[in-house]
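*Asks:* So the protein sequences, as listed, match chains A and P. The opening residue of the first sequence carries number 6 in my numbering; numbering runs sequentially from there. The opening residue of the second sequence carries number 6 in my numbering; numbering runs sequentially from there.
Among these hints, one or two may not hold up.
Which copy? The list can't say, so a pair holds if one copy fits it or any two copies do.
To be verified - DSS-like cross-link-like pairs, simulated, lysine-lysine; straight-line CA separation at most 30 angstroms:
1) Lys601 / Lys319
2) Lys325 / Lys308
3) Lys193 / Lys708
4) Lys289 / Lys620
5) Lys319 / Lys464
6) Lys601 / Lys332
7) Lys158 / Lys447
8) Lys556 / Lys171
9) Lys332 / Lys289
Keep in mind the hints are simulated off the structure, nothing from the lab. Remember, it's a predicted structure, so these values are computed and weren't measured experimentally.
Number of protein chains: 2
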Amino acid sequence: MKRLNWLILILHISVVSLFADEGMYPLPMIDGLRLQEKGLHLTNETVYNPGNTSLINAVVRVNGCTGSFVSDQGLIITNHHCAFRAANLASDAEHDYIRDGFLADSRAREIPARGYTVRITESYRDVSAEVLDGLDAITAPLERQKALEKRIKTLTARAEEAHPGKRAEIAEMFKGEQYVLFIYTFLKDIRLVYIPPRAIGEFGGDIDNYEWPRHTGDFSFLRAYVAPNGQPAEYAPENVPYRPAVHLRVNPEGVNENDFVFILGYPGRSYRNRGSAFLNFEEKAHLPQRLAWYQWMIATMEKISADDRGVALKHLSRIKSLANLEKRYRGRLQGMNRLDLTARRRGEETAIREKWPETAPLFKALDSLYAARAQRQPLAFWMERLRSDVHALYWAGRVIGAARERAKPDLERESAYMERNWKRTRQAALRRTENFYMPTDKAMLAEILRRLYQLPDVKNYSTLRELEQDIRRSGSMENFVDHLYAHSRIYQRDVLDKMLESDSSMVAASQDAFIRLRWQLEPVIRALREQNRLDGGALSRLQPLYNQARKKWLKHNFIPDANGTLRLTYGHIRGSHPADAVYLAPMTALQGILEKYTGQAPFNAPEALLTAIDKHNSGVFYNPAIQSVPVCILYDCDTIGGNSGSPVMDANGRLIGVNFDRAFEGTINDYAYSTRYSRSIAVDIRYVLWILRYVAGADTLLKEMGIH
Amino acid sequence: MKRLNWLILILHISVVSLFADEGMYPLPMIDGLRLQEKGLHLTNETVYNPGNTSLINAVVRVNGCTGSFVSDQGLIITNHHCAFRAANLASDAEHDYIRDGFLADSRAREIPARGYTVRITESYRDVSAEVLDGLDAITAPLERQKALEKRIKTLTARAEEAHPGKRAEIAEMFKGEQYVLFIYTFLKDIRLVYIPPRAIGEFGGDIDNYEWPRHTGDFSFLRAYVAPNGQPAEYAPENVPYRPAVHLRVNPEGVNENDFVFILGYPGRSYRNRGSAFLNFEEKAHLPQRLAWYQWMIATMEKISADDRGVALKHLSRIKSLANLEKRYRGRLQGMNRLDLTARRRGEETAIREKWPETAPLFKALDSLYAARAQRQPLAFWMERLRSDVHALYWAGRVIGAARERAKPDLERESAYMERNWKRTRQAALRRTENFYMPTDKAMLAEILRRLYQLPDVKNYSTLRELEQDIRRSGSMENFVDHLYAHSRIYQRDVLDKMLESDSSMVAASQDAFIRLRWQLEPVIRALREQNRLDGGALSRLQPLYNQARKKWLKHNFIPDANGTLRLTYGHIRGSHPADAVYLAPMTALQGILEKYTGQAPFNAPEALLTAIDKHNSGVFYNPAIQSVPVCILYDCDTIGGNSGSPVMDANGRLIGVNFDRAFEGTINDYAYSTRYSRSIAVDIRYVLWILRYVAGADTLLKEMGIH
C-alpha cells in the first residue's frame with residue numbers, strides 16, 4: 006500500500022486543481038448543476054422541460070445504442086457499429102455494404118433495417134411510493150425481494166394497459182429507495198440511409214479499441230418512418246418519415262480544446278455508490294477470475310483456429326467480443342488498483358463508523374454478506390460459465406426454461422420468457438447455432454468441469470457428486486464429454502427450433518444428453534439463484550441505510566448509478582496525461598490516418614478516403630489549431646457502455662460529435678470517475694460532414710442537415 | 006505513393022523549421038560544426054586536441070559498449086547491460102548479484118570482471134594513401150577486393166609490430182576512399198564496482214525495449230587497474246587503479262528541456278551514404294525477409310517452450326535477443342516507409358543524372374549490381390540461415406574453417422581464425438552448447454531446407470540437387486533431419502572442443518553427419534562468398550564515384566558512415582511527437598516507476614527503491630520542472646548501436662546521462678537521421694546519483710566523483 010501514497014497525492018492534487026466533472030445526472034437534477042457557470046449558453050429549460058419539448062426529445066434509443074434526430078425528417082445519427090447489423094442483413098452476394106458502405110441516393114432507396122427499433126421517451130414519473138409501499142413489513146430477505154420483483158412487474162403491466170401501444174419500464178434509481186416509471190414509444194420502421202465502408206467506420210479495429218489517439222469514422226445515418234397517420238407501424242412502402250418534435254442542429258465549425266461540451270444518452274450500469282465490501286469483492290474475486298477466464302477462452306479458440314481459415318471464421322466474432330470484454334475488465338482492474346478505490350472507500354467508512362458508532366452493524370452486515378458471497382463465488386462462477394459459455398448447456402437451459410416458464414401466467418414468468426421478451430430470447434438462442442463448432446464447445450465444457458471439480462464445495466451438492474461419478478465412470482473427462490455430444494442434436498438449428506416449443510412433459514421425457522445434464526444441474530443452479538435473490542433482498546434494505554450514512558458524512562447528495570435511463574453529463578474537450586511523460590492531445594487529424602495506414606485491415610482505408618485526404622484537407626471543416634480536419638475528439642465527460650452513439654453538444658446545444666468509446670484508462674468509469682483518467686471519445690462532426698462531402702458525395706444529406 | 010505526399014510535406018516542414026542535428030562526426034570534423042553557436046560553452050580544443058589531452062581521452066570502449074572515466078582512480082561508468090556478464094560470472098549459489106545488485110564496500114572487494122577489457126585510443130592517422138596505393142590498376146573486382154583486404158591486414162600487422170603491446174585497427178571511413186589507422190591500448194584488469202539490482206537496471210525489460218517513456222536504471226560502475234608500473238596487465242592483487250589522463254566531471258544538477266547536449270561514443274555501422282539501389286534492396290528484399298524469419302523463429306521457439314519451464318529456460322536468451330532484433334528491424338522498415346527514403350534518394354539521383362548525363366553509367370551499374378543481388382538474395386539468405394541458425398551446421402562450419410584456416414600463415418587466414426581472434430571465436434562456439442535443445446535445432450533445419458527448396462535457383466548447384474535426392478530418399482524431411490542428428494555428436498561440448506582442434510585430414514575423414522553435410526554445402530557457400538567479394542570489389546570503385554557525384558550535387562561534404570570509431574554527436578533535450586496527437590515529454594519521473602510497477606518482472610522493483618521514492622523525492626537531485634527526480638532523458642542526438650554506455654554531456658562537458666537506447670522510431674537512424682523521429686535515451690545522472698545515495702548507500706563512490 007505504502008507505495009501508493011505518492012500516486013494518491015498526485016491524484017488528489019489533480020482532483021482539486023481541475024474541474025471535477027463527475028456525473029451521469031438524471032435530468033431532474035439539472036437545476037442543481039449551475040451549468041451556465043460551467044459554460045452552457047442555454048437555459049436549463051432548453052435542455053430539459055418536462056411536459057414540454059426540449060433537447061432531450063431529440064435523443065432516442067436505437068436498439069442498444071443512443072441516437073439523435075438531426076433533421077425534421079426523422080434522420081438519425083448514431084454509430085457505425087450500431088447500424089452494422091442492418092447493413093450486414095441488407096448485404097447479399099452482389100452488394101457488400103459492410104465492405105463498400107452504403108448511401109441511399111433517394112428516400113425510396115433507403116433500406117429497411119430489419120429488427121431495428123427507435124425508442125422515444127414519452128413521459129416518466131417517480132413511482133417509489135407505489136413500488137415500496139408495505140415492503141418494509143417483510144423482513145425475510147428472500148420474500149422481500151420476490152415481493153419487490155412482483156410489484157415492479159405488476160406496475161409495469163398496469164402502465165402498459167393504460168398506454169396502449171407503448172412500453173412501460175420501471176428503473177431502479179437507488180436500490181430500495183427510488184423507482185421511476187418510464188413510458189416509451191417504439192418506432193418500428195427504421196431504414197438505413199448511410200453507412201461508411203468498414204475501413205472507415207472500424208478503422209483501427211480491435212487494436213485501437215479503447216485507445217486514444219483514435220481515427221475511427223464510427224458514425225452512420227438511419228431514418229425513422231411512421232404510418233401516414235403518424236402512428237408507429239411496421240415497415241410499409243407508404244410509410245412517411247417521422248417528424249420529431251425536436252432535432253439537433255449541426256455545428257460544422259465544431260469545437261476546440263477546453264471548450265464546454267455535454268452529452269445526453271443512456272448509460273447502462275455503474276457501481277459508484279456501493280460500499281468497500283462490494284469493491285473489494287469486485288477487485289479481489291470477481292474481476293480477476295473473469296479476466297483470467299476470458300484470457301483462457303481467447304487463447305483456446307485461437308489455438309483451435311490456428312491452422313484452418315474456415316474454423317477461424319466461426320470464432321472471429323466471439324473472440325472479438327471476448328477481447329473487447331477482456332480489455333475492459335483489464336482496464337477496470339488497473340483503474341481500481343491505480344486509484345486505490347477499495348482502500349479509499351474503506352477509509353471513508355471507517356471515519357463514518359468512528360463518528361457514528363451506531364452504523365457499525367450496517368458495515369458488519371455488508372462485510373459478512375460479501376464475505377459469504379466471495380466464499381460462494383468460485384462455485385457460482387463456474388456454474389454460470391457452464392450455463393453461458395457451453396452452447397449446448399445454454400440451449401438446454403433455454404429449452405427447459407421455456408417449457409417451465411411459458412406454462413405460467415405471463416406476469417409470473419422469468420423476464421426472458423415473458424411475451425414481451427420471448428421473441429428476442431428465442432432468436433438469440435437460434436443465432437448461436439450459426440457459428441457452432443463442436444470441438445470448441447467440448448473444450449469449454451471439459452475445462453469448466455475440471456475447474457469446478459477443484460472446488461471443495463462441490464461436495465455439498467449431491468447432484469454434483471453424482472456427476473463426478475459419471476465422469477469417473479467414463480474413464481476420462483474427454484470420454485465423458487464426447488459421449489454427451491454423441492447423444493445430443495441440440496446444436497442443430499431445426500432440432501433446437503422444435504425443442505424450444507416443447508412442453509414440460511416432452512422436455513422431461515427428452516433423451517437428449519444435454520437436456521438431461523441440465524436437469525441434473527438444475528438443483529444447484531436453483532439454489533445459487535435463490536441465494537442471489539436472498540442477497541438482493543438483504544441489499545435492498547442495507548444499501549439505502551448505507552447511502553443515508555454516506556450522504557450525511559459527505560454532506561451532499563449523490564447521483565444515482567447509471568441504469569439505462571436518460572442522463573446528462575458535461576465536461577470539456579481535454580487532453581490526457583495517462584502516464585508519466587505522456588501527453589495526448591484531444592483532437593486527431595487526417596494525417597494520423599495516413600500514419601496508421603498499412604493497407605491491411607484494421608489499418609486499411611478506401612482509395613477514395615486517401616485521395617480525399619490528399620486533395621481536400623481544407624475548407625470549412627479545417628481546424629487551424631491542428632492544421633487539419635479533426636477526425637476524433639477526447640473529453641472528460643462521464644460516460645459508460647450504453648452511451649454509444651450519444652450526441653456530443655457544444656455550449657449552444659449544437660451537435661459537434663458522436664460518442665463511441667472511452668480511453669483505456671476510462672474503463673474505470675464503471676466504478677469511479679477520475680479527473681485524470683476518465684476520458685471519452687467521439688467522432689468529430691467535422692469528419693462526419695467531410696466524409697459525406699468528399700468521400701461519399703452525399704450532398705443531399707448535408708443539405709437536409711442545413712450544411713451548404 | 007500519392008498518399009505519402011502529405012506526410013512528406015509535414016516532415017519537410019519540420020526538417021526545415023527545427024535544428025537539423027544530424028551527424029555522427031569523426032572528431033577531425035569538429036572545427037566545421039560551429040558548436041559554440043549551437044550551445045557549447047567549451048572550446049573545440051577542450052573536446053578534441055590531437056596530440057594532447059582532451060575530453061575524448063575520458064571515453065573508452067568496454068567490450069562492445071562505450072564507457073567513460075569519472076574519477077582519477079580509473080572509475081568507469083557504463084550501462085547495466087554492459088556489466089551484466091561480469092556480475093553474472095561473479096555470482097554463485099550464495100551470491101546472486103544479478104538479482105540483488107552488487108556494491109564493493111572497499112577497493113579490495115571489487116570483483117574481477119572476467120573477460121572484460123577497456124580500450125583506450127592512443128593515436129590515429131589517415132592511411133588512405135597507403136591502403137589504396139596502386140589499387141586502381143586492378144580492374145577485376147574480385148582481385149581488387151582481395152588486394153584491399155590483404156593490404157589492410159598487412160598495414161595492421163606492421164603497425165602492431167611498431168607498437169608492441171598495442172592493438173592496431175584500420176577503419177574504412179568512406180569505402181574505397183578514406184581509411185584511418187587507430188592504435189589502441191587494452192587495459193585487462195577490470196573490476197566490478199557497482200551494479201544495481203536487475204529490477205532497477207532492467208526495469209521494463211523487453212516490453213520497454215526501444216520504448217519511451219522509459220524508467221530503466223541502465224548504469225553500472227567498473228574500475229580499470231594496471232600493474233604498479235602503470236602498464237596494462239592481467240588481474241593481479243597488487244595492481245593499482247589506472248590514472249586516466251582526463252576524466253569527466255559529473256553535474257548533479259543535470260539538464261532541462263531544450264538544453265544543449267553532446268555525446269562521444271563508438272557507434273557501430275550506419276548506411277546513410279548508400280544509393281537508392283541499396284535502400285531499395287534493403288526495404289524490399291533484405292529487411293522484410295529477415296523480419297519474417299525472426300518472427301517465425303520466435304513463434305516456433307515459443308511453441309516448443311510452451312508447456313515446459315525447463316525447455317523454456319533454454320530458449321529465453323535466444324528469444325530475447327531475437328525479439329530485440331525483430332523490433333529493431335520492424336522499426337527500420339517502418340521508418341524507411343514513413344520517410345519514403347528510397348523514393349527520395351532516387352529522386353535526388355534522377356536530378357543528378359539529368360544535370361550530369363555522364364553519371365548515367367554509374368547509376369546503371371549500381372542498379373544492376375543490386376538487381377543481381379536481389380535475385381541471388383533468397384538463396385544467399387537461406388544458406389546464411391543454415392550456417393548461423395542451425396547450431397549443428399554452425400559448429401561444423403567452425404570445425405572445418407579452423408582446420409583449413411589455421412593451417413595457413415596468420416595473415417592469410419579469415420579474420421575469425423587469426424590468432425588475435427581465435428580464442429573469442431572458439432569460446433563463442435563452445436558457449437552455444439550450453440542451451441542447445443535438439444528439437445529446436447531440428448525444427449530450424451527442416452524449415453530452412455523446406456524454404457530453400459522452394460527456390461528455382463537451387464537447381465543451378467549440383468550439390469544442392471544431390472542433397473535434394475538425399476532428402477527424398479529419406480522418405481520425409483523429418484526422417485532426413487532425424488537421421489542427421491542420430492549420426493552426430495557435435496552438439497556435445499567435449500566432442501566439439503576436441504573437433505575444433507582437428508587438422509584437415511581428421512576433418513576430411515570425420516563420419517559426423519554435420520561435418521559431412523557442411524562439406525557437401527561448401528561449394529555453394531564458397532560460390533556465394535566469392536560473389537559477395539566481387540560485389541565488394543565493384544562497390545569499392547562505384548561508391549567513391551557515387552559520393553563524388555552526390556557531394557557535387559548537394560554542394561557540401563557529408564559525414565562518413567559509422568564504423569565503430571570514435572564519433573561526436575550533438576543535439577538538445579527534446580520531446581517527441583511520434584504520432585498524431587501524441588506528445589512525449591523528454592524527462593521521466595520517479596512516480597512513473599510506481600505507475601508501471603506491478604510487482605512482477607519486468608515491472609518489479611526492490612523494496613528499497615519503493616521506500617526511497619516515498620521518502621526522498623527531493624533534495625539536490627529534484628527537478629522542479631517535473632516535480633520529481635528525473636529518471637531518464639530523451640534527446641535528438643544521432644546515435645546507433647554501439648553508442649550504449651556513451652556519456653551524455655552538457656554545454657560545459659560535464660556528465661549528465663549515460664546513453665543506452667533509442668526510441669522505436671529512432672531505429673531508422675541506421676539509414677537516415679530524422680528531426681521528427683530520431684530520439685535517443687539515457688539514464689539521467691540525477692537518477693544514478695540518487696540511487697547511489699538513497700538505495701545503494703554508496704556515499705564513497707559519490708565522494709570519489711566529487712558529489713557531497
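*Asks:* When no copy is named, should Lys332 and Lys289 be tagged within, between, both, or neither for a Cα gap of at most 30 angstroms?
*Replies:* Intra 17 angstroms, inter 36 angstroms, cutoff 30 angstroms: intra-copy only.
*Asks:* If the cut is 30 angstroms between Cα atoms, do Lys325 and Lys308 qualify within a copy, between copies, both or neither?
*Replies:* both (15 angstroms within a copy, 23 angstroms between copies)
*Asks:* For the identical chains here, do Lys556 and Lys171 meet the 30 angstroms Cα criterion within one copy, between copies, both, or neither?
*Replies:* Neither way: Lys556 and Lys171 sit 37 angstroms apart in one copy and 81 angstroms across, limit 30 angstroms.
*Asks:* How would you label the pair Lys319, Lys464 (within, between, both, or neither) given a Cα cut-off of 30 angstroms?
*Replies:* neither (37 angstroms within a copy, 42 angstroms between copies)
*Asks:* Up to 30 angstroms between alpha-carbons, please classify Lys601 paired with Lys332: within, between, both or neither.
*Replies:* both (21 angstroms within a copy, 17 angstroms between copies)
*Asks:* My question is about Lys193 and Lys708: at a cut-off of 30 angstroms on alpha-carbon distance, are they close within one copy, between copies, both, or neither?
*Replies:* within (26 angstroms within a copy, 81 angstroms between copies)
*Asks:* Give the relationship of Lys158 and Lys447 under a CA distance limit of 30 angstroms: within one copy only, between copies only, both, or neither.
*Replies:* For Lys158 and Lys447, the Cα distance exceeds 30 angstroms both inside one copy (38 angstroms) and across copies (68 angstroms).
*Asks:* Between the shortest in-copy and the shortest cross-copy C-alpha distance, which are at most 30 angstroms for Lys289 and Lys620: within, between, both, or neither?
*Replies:* between (54 angstroms within a copy, 29 angstroms between copies)
*Asks:* Using 30 angstroms as the alpha carbon limit, work out where Lys601 and Lys319 are close: within a copy, between copies, both or neither.
*Replies:* Within one copy only: 28 angstroms inside, 37 angstroms across.
Consistency with the previously given hints fails for numbers 5, 7, 8, ordered from lowest to highest.
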